[in-house]
Amino acid sequence: GNSVTQMEGPVTLSEEAFLTINCTYTATGYPSLFWYVQYPGEGLQLLLKATKADDKGSNKGFEATYRKETTSFHLEKGSVQVSDSAVYFCALRSGGTSYGKLTFGQGTILTVHP
Amino acid sequence: EAQVTQNPRYLITVTGKKLTVTCSQNMNHEYMSWYRQDPGLGLRQIYYSMNVEVTDKGDVPEGYKVSRKEKRNFPLILESPSPNQTSLYFCASSLPPGLAESGDYEQYFGPGTRLTVT
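Protein sequence lines correspond, in order, to chains X and P.
So the first sequence is numbered by the working numbering: it starts at 1 and just counts up by one.
So the second sequence is numbered by the working numbering: it starts at 1 and just counts up by one.
Hint data in this document are derived by calculation from the structure and do not stem from the laboratory.
In this text the structure is predicted, and so the values were computed from the model without any measurement.
A hint or two may mislead.
[Stated by the list, open to error] Quick list of simulated restraints, FRET-style, between CB atoms: (1) LEU19/P - PRO114/X: 33 to 43 Å; (2) PHE18/X - LYS65/P: 38 to 48 Å; (3) GLY40/P - VAL82/X: 21 to 31 Å; (4) ARG9/P - PRO10/X: 21 to 31 Å; (5) GLU76/X - GLY16/P: 29 to 39 Å.
We treat Cβ as the ideally placed atom computed from N, Cα and C, and that holds for glycine.
Next comes chain P alone, as it looks inside the complex (with noise of 0.2 Å):
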């Protein structure tokens, strides 16, 4: 089944604690991103990927890392969290550019972790 998973699914954390989001897709897509999802504000993109090795920011980075070593895994990292960064966080992955040019895009999301920073 093609799928992307995420874990943990909740998570309750104290302010500073360094902690990892994991992600991944068993789809071959290339393209992968974050979001977090805040009452009112919709989703907003924290950093993509497209490709190994090829990360870059998006609208909210901040207090924020990824790596991607691999294809499928696309790691969030939290150094330090803070309270501020309680929210519900979405894993995505696509296909490659490549093939979304020809209107075959659709992005697929994990089913979500909602993190609390006390």
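Same shape as in the complex, but just chain X (with noise of 0.2 Å):
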């Protein structure tokens, strides 16, 4: 079956410096990535999303890129700020019977401090 996997967490950074967020899976066929984030006491948002392979999703300063050859979609920010402390989902989708359910990873905890 599928499966996500994201680097242990949590991670704390100081202002400013550079976030990556493993995230490897496991599918058959081709399927489309996602990355969510959740704030304190919030449901998740969408973050951002990569539908083939070689895609790059970007939004808010984050990217990552679809890599099937390496069954990756790494999360990364160049500069993070407090605001961006909450938790993150790598995801995947797939079709077939289970169109429509997400697999999630476990979730990585980031906290930046001023």
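Reconstruct the complex from the two isolated chains, following the hints.
The following block contains the structure:
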């Protein structure tokens, strides 16, 4: 079955530091890949997505590139802010009978200090 | 405002006392889903619905029921809650598969319901 593995957290950074959160996946076919963000006390929001190999998703300074050869979708940001503190989830969606279902990684807690 | 609402947001109950968590969306989405979030496990799908009167099991359906009598509502029912169902629950909805195939896909999540079963 499908699975998503994220780097172990929590991750603690100083403001303006570079961020990488690793994400690798196992799936049949050609899944779509997503990063969701969950701010404290809130639901999940879509941060960015990529639907085919070599696509780059980007939003709010965050980027991730769909790498089929390494089955990865690592999240990066060049300069984090305190307001980026949240939980980040990597997820994939594949078709077939499980159409629409998202398979999530375990989440990575990011804390950014001033 | 496009949104998914859930009620209640917080609930503490006792083992065996039936409860329902409501979910409603105002975006006319066909697809709706329930997830539970547990530390170290991410979100796992409980049930989903492709349309009115069409529901199916996700990865962790045991101990839960759902119904989809109207497009906008998708309640989650725990007939006899147990402590292992203590969790954070999220409802989500999205565009129908026809549009999703074009890549225009996003699941919209509700704010979550924190359930504690003692």
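Contradicted hints - numbers only
Checked against the structure, the only hint that fails is number 5, while the rest are satisfied.
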